[in-house]
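There are 4 protein chains.
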Amino acid sequence: MTPNTARRKETSRRAILTAAFDLLLEVGYAKLTIEGIAARAGVGKQTIYRWWASKGTILLDAFLLLSEGAGEEPALPDTGDLEADLTLVLRATVAELNDPRYEPPMRALAVEITQDPELARAYAERLDGPLKRAKRRRLSSAQSAGQIAADVDLDVAMDMIWGPLLNRWLQRSGPLTEDYADRVVATALRGLRPR
Amino acid sequence: MTPNTARRKETSRRAILTAAFDLLLEVGYAKLTIEGIAARAGVGKQTIYRWWASKGTILLDAFLLLSEGAGEEPALPDTGDLEADLTLVLRATVAELNDPRYEPPMRALAVEITQDPELARAYAERLDGPLKRAKRRRLSSAQSAGQIAADVDLDVAMDMIWGPLLNRWLQRSGPLTEDYADRVVATALRGLRPR
Amino acid sequence: MTPNTARRKETSRRAILTAAFDLLLEVGYAKLTIEGIAARAGVGKQTIYRWWASKGTILLDAFLLLSEGAGEEPALPDTGDLEADLTLVLRATVAELNDPRYEPPMRALAVEITQDPELARAYAERLDGPLKRAKRRRLSSAQSAGQIAADVDLDVAMDMIWGPLLNRWLQRSGPLTEDYADRVVATALRGLRPR
Amino acid sequence: MTPNTARRKETSRRAILTAAFDLLLEVGYAKLTIEGIAARAGVGKQTIYRWWASKGTILLDAFLLLSEGAGEEPALPDTGDLEADLTLVLRATVAELNDPRYEPPMRALAVEITQDPELARAYAERLDGPLKRAKRRRLSSAQSAGQIAADVDLDVAMDMIWGPLLNRWLQRSGPLTEDYADRVVATALRGLRPR
DNA sequence: AGTTAAGCGAGACGGTACGTCCGGTCTTGAA
DNA sequence: TTCAAGACCGGACGTACCGTCTCGCTTAACT
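Chains as they are written, first to last, in full-length UniProt numbering: chain A, 1 to 195; chain B, 1 to 195; chain C, 1 to 195; chain D, 1 to 195.
No lab work stands behind these hints: they were computed from the structure. Be a bit skeptical, because a hint or two may be false.
Heads up, the list lumps identical chains together, so a pair's fine if it works in one copy or across two of them.
To be verified - Straight-line Cα separation of at most 27 Å, BS3-like style, residue types lysine-lysine; simulated pairs:
hint, residue 1, residue 2
1, Lys45, Lys9
2, Lys45, Lys31
3, Lys45, Lys132
4, Lys132, Lys9
5, Lys31, Lys132
Construct the entire structure; sequences and hints are all you get.
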């Protein structure tokens, strides 16, 4: 039943993931079809169905293909100035989310994740995990340096910094600008209460 | 081109929205089809296509049907204790997002919004707008009462309070519990920096 | 369940039958596909599946379309000379079975009939029936005229005259020539025994 | 190009032919696939493609496997009474054609022959040939004995005796009974004309 | 009150993609 | 070298829905 991974054709695998990515940019997610991917990749449909359970898992693998070979764990900048570092990072995130080359696949993946818990798990583990650990390391370093209170829950802190951005992007609840990123960082760090 | 609203059959409108809602719970969003809705509602497909532009707009109207007749603008509790009030409200939100009767349609709507800017606009205006205004009023009241610093950007504040929750729910990036809600409120209010 | 015949589109029906016939000649029966017929006819596949149960029934209808409007019952020539008439008719049959325009569809239909009793029934009733009655009428007339013994079973007689021809054609058990037709007629009429 | 027959594995050959025969009875000709035969025979698909050109040739070989070892040329009974002998033989043929164990494969082979002249040739030579020679010998013997007129064309005679039966079976143009067999023999022998 | 035209339920239609099945070829490793 | 196993490309299958299009019927609105 489970296919024999040893005999898998690597060229076909890459062709499929590349075709999926390219087509997504060309025709959009709504018109992205398995048949289209197979045709573009020069591959039988069965070869796709044999190795992937859904369009979402193809997208996830396509993303992973991009970072394949990168190898190393990613890291956030750590100049010692937390606010400056976060501002830099969030501005980069804003730029990426607005980039017409990355927005469509990311949005497509987000949509699939919303509907598929299993895919969400795989995403969390394979794509988001390394990034999340990098974020946590930076916050942890800031906490050690006394820039974040010792009793702050870093997981909540991460959600409070990146959540608003992602949410505004996903829900289109407002324009996604550098200015907005800056304000989020500033507000998250200083808190809402008067001092 | 635009059909004559005056002649519209109200019973069919309600039947369609109700059928859409019911089917969503029964078969899930992936298997929710226009044909299925029409059949369930005892209605011709054309009647649906005549009045709605997409599945997303049907879902939006279905939600609005629920709150139809409610009439009044919603309001958040205001006991004077901001943290207590927010905790209460976010716990309720958590409960709603976990409710098997509300989760599927909300998630479906979120998915459509992610992919359709026009629907996002309609959602922001008709469904989310009143709620957002209520949230803003409560924070504004807290600001007047000196519980929130005068120079805090209330829009960012709102995103920082509700964003993490929504994000965790949409992305399934972690369990959505009352405890999490409490920690978000507490962290948002006091900020991350040591005092 | 059963589609509404009243709303059936006659142009599509004819386009499908014509396309099936034409394709059969062009690509041969082995490569005749429903998809191909639909594409050639400019019709959705569903329209074919809605009205026909199998490729065989399409073929049968395509044949019937040819004789549509002919209206009248066919008749065999009756000059009073049975042997001459039969010889004429069998030679015509040989010519038809060898005609590259008629052989492929006839063979295809024969193949389908071999495998599908229900289709065989429909064929017997709608296509072969009128022809068989004509044959029987001619033999009956000969019997009345004293050219065939009164106690001969006309159904067996028919099979004995036309069966060898059809069989040789279907089974390709030998060349199908006018000479063969002549010999069959002669032998059938006079019997095998010496007189 | 042609594989080395010397190295051919006899067990696989028999397994394939047996599997084909068994599957034909189990699932019917329409669902008889090369893959299915290979799987049932415990054989790679390539092994089938290496040695057989088509499903029809497999069927033909499967039939030949049945009579393998029989070795001797078959012969029709020859009691001196032609009509009795033929009646006996045709009744046996009727029984065979109605036998649920033999009908499906014979019909399948007939279908393939209808569509494939090359297979028809092979069938005529290897399977039908011996039988036909036996029939011819019996008629020839009858002719020598004066039971068939000297100038009767024995090939036509054979077709006239066996053709109606085969035809009725293939075309399902009527019930295939012993009575019918008897009538065919009687009518063929005495001819249609009054004496 | 009678006529007209819209909305309506129904569902056939031309299409597109689905996910499956199988054909025929090719590759791998064991015998 | 043959073989069992099975991945591969290709392509047809029969199904499900899409969004459009008639078809009569019902039902307001406007003579």
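Outcome of the hint check:
Taking the shortest alpha-carbon separations for Lys45 and Lys9, both the intra-copy value of 14 Å and the inter-copy value of 20 Å come in at or below 27 Å. In this homomeric assembly, Lys45 and Lys31 come within 27 Å of each other (Cα to Cα) both inside a single copy, at 16 Å, and across copies, at 21 Å. Taking the shortest alpha-carbon separations for Lys45 and Lys132, neither the intra-copy value of 35 Å nor the inter-copy value of 46 Å comes in at or below 27 Å. In the homo-oligomer, the alpha carbons of Lys132 and Lys9 never lie at most 27 Å apart, since the shortest distance is 32 Å inside one protomer and 52 Å across protomers.
With identical chains, the CA atoms of Lys31 and Lys132 are never at most 27 Å apart, being 31 Å at best within one copy and 33 Å at best between copies.
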